[in-house]
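There are 2 protein chains.
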Amino acid sequence: MTASQNEFSLIERFFSNIGKSHFPVELSQGDDAAVVNVPVGKQLVMSVDTLISGVHFPELTSAADIAYKSLAVNLSDLAAMGAKPAWFLLSITLPKFDEVWLSEFSASLKKISRQYQIELIGGDTCRGPLSITIQVSGLVDHNNYVNRKGAQLGDLVLVTGELGNAALGLAHLQQRVALPTSLIKNCVEALNRPKPRLELTGFLTSYASAAIDLSDGLVGDLRHILNQSQKGATIRLDSLPVNDFIRSQQAYDYALTGGDDFELCFTMPSQHKYIIEDWNHKNPQCKLTHIGEITESDYELVGNHTTENLNNWQGYQHFE
Amino acid sequence: MTASQNEFSLIERFFSNIGKSHFPVELSQGDDAAVVNVPVGKQLVMSVDTLISGVHFPELTSAADIAYKSLAVNLSDLAAMGAKPAWFLLSITLPKFDEVWLSEFSASLKKISRQYQIELIGGDTCRGPLSITIQVSGLVDHNNYVNRKGAQLGDLVLVTGELGNAALGLAHLQQRVALPTSLIKNCVEALNRPKPRLELTGFLTSYASAAIDLSDGLVGDLRHILNQSQKGATIRLDSLPVNDFIRSQQAYDYALTGGDDFELCFTMPSQHKYIIEDWNHKNPQCKLTHIGEITESDYELVGNHTTENLNNWQGYQHFE
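Here the protein sequences come in this chain order: C and A.
Take the first sequence: its letters are residues 1 to 320, numbered as in the numbering used here.
Take the second sequence: its letters are residues 1 to 320, numbered as in the numbering used here.
Just so you know, these hints were derived from the structure itself, not from any lab.
Some clues are possibly wrong.
What the hints assert, rightly or not - Covered stretches of chain A (in silico footprint by chain C; criterion: 3 or more residues with CB under 8 Å from a CB of chain C, positions within the stretch not fixed):
#1 84–93
#2 126–133
As the list claims (entries may be wrong) - Some chain C residues flagged as far from chain A (calculated, every beta-carbon gap over 10 Å):
#3 F15
#4 S16
#5 A107
#6 I184
#7 R193
#8 R236
#9 N283
Being a predicted model, the structure only gives us computed values, none of them experimental.
Heads up, the beta-carbon is just placed ideally off N, CA and C, and yes, glycines get one too.
Excised from the complex, chain C in its bound form (with noise of 0.2 Å):
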């Protein structure tokens, strides 16, 4: 055994008692493999991804940023599918050992997984370019997951928080804008802090037909539900939840294609709107705005004096 190697079996420590589940846990890390039991009447929800330093996360991006983002992105995916947090298994690649960086890592993915309940129990460590990929376990009553395919004509089109201020984060970053002083703590956070909106699983199991989660943008995101609901959209401009400068510069792109916010687009029939406001009320920190319809076919965006056509855009810059 060589030196690197003896180092790199330190790393465990950094990854134990890591969360804890509400979900029962067999035999955890130090195995071939975890043993977890699954709750008679429960399915079981997996997702995973992958995050690569320099191409999900500026290079410059903090241990403690990198491992909550790492997480919640996955977390993110759960909340998509009205799901609740149980396991997760990380597959981490560092480029050397450094003690220091891998303490920030772990206080770090200690207390987003303690706050979000979901728990470690196992992984591999290897050695190479910065990389890290989660797979997260959940679990949802029998059939009762949230899905792509439900859309339906009339249905309402939400979305969770404000849109674009990840992509602005990165572009303030990056030095690509001039944005005002009292926004960046916000936007920064936004793109490194994106907070998977798990406190709506109740609400979307109970009333969404569809959702997805904001990766890659808006309008390429909500594109996925309507493909696989085999409908429309109508979007309106001027409803979509944004901050005052992409509203004042009418930086929209930020939002409808900029990608990373991680909040959640969701459908559901119009007799619950009734239900929006209420939501609203009690959860200030989570709110819902209502952006568009459902429609037979088209996939439109509304604007104050022109209706763009949203299959195969290129963009709102490219229209303006």
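Please build the complex by placing chain A on the supplied structure of chain C, with the hints as guidance.
Below, chain A without anything else, positioned relative to chain C:
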């Protein structure tokens, strides 16, 4: 959307219809997450392994061999637990869109996943240095899995197949050894196409007291069983199942610390000894060899003239 992103969306078609599970899949690829049903009375067994080009396989390895090995080493973890394969998730990072490479990778993944009856239910694709992360799920009857901590005093230590062939294959490819021509094919195949020993599942859950798969080499991997079981072991050099080259050259280090064999090492009560011959008669492709016994505390290798202490051992070559 850039051209390269469009290319990457095409990748999805290479990963449809890969494998078929015995166990029900409710919702497969194409949503935020997959949904599966764990049958009542079963426990879920989960593992994840990342393979990085140049670390876990030589850079010139074919796409077909990479696909095979990526799944095989994960299946090997399920085999070591005595679990039946059910589903897997794939996260693949590729430097570029290469249709020929992807076709080969996909065809090979399809072949091995069908052979071992495991089904691809979701994944993620990124651009970056070539690496493959697979997360496998298997199932066991409730509490009928094999872990690392059950080895008892007097238990037999057994291994499957031959040890050291994968490390010899790598040494041959790296021109570090002059291997007899007759052994080359077998050793390179051991490196690139390790056999997950899933045929042993029923045997292990019936008779084994502890098990592990040999990824890092016998001495280190058996040590994991001993540490978790709080026992020692005696291994007999003469009993190790090795090829003629290793035996004649006394090149036992390939078998003891070489790694990458992905054979299984397990322990079982000595009263089951009579079963070994019967198993070997019926399963010549997965021969079991009795290589030693579990002892109170010392971890020793018994050679013809010497006995070496294997605690903190640095490899066979240092002692000859």
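Outcome of the hint check:
By the rule of at least three residues with a Cβ nearer than 8 Å to a Cβ of chain C, the coverage given for the segment 84–93 of chain A holds, with 5 such residues. Using a Cβ-Cβ cut-off of 8 Å, 6 residues of the segment 126–133 of chain A lie near chain C, which meets the minimum of three, so the contact claim holds. Consistency note on C:F15: stated as away from chain A, and its beta-carbon is indeed over 10 Å from all of that chain's, at 12 Å minimum. For C:S16, the shortest C-beta to C-beta distance to chain A comes to about 15 Å, beyond the 10 Å cut-off, and the non-interface label holds.
Consistency note on C:A107: stated as away from chain A, and its beta-carbon is indeed over 10 Å from all of that chain's, at 22 Å minimum. At roughly 27 Å, the least C-beta separation between C:I184 and chain A is larger than 10 Å, which holds for a residue marked as non-interface. Chain A leaves C:R193 outside its interface by the beta-carbon criterion, the shortest separation being 20 Å against a cut-off of 10 Å. Look at C:R236: its CB is around 23 Å from the nearest CB on chain A, clear of 10 Å, so calling it non-interface holds up.
Taking the minimum C-beta to C-beta distance to chain A, about 21 Å, the non-interface status of C:N283 holds against the 10 Å cut.
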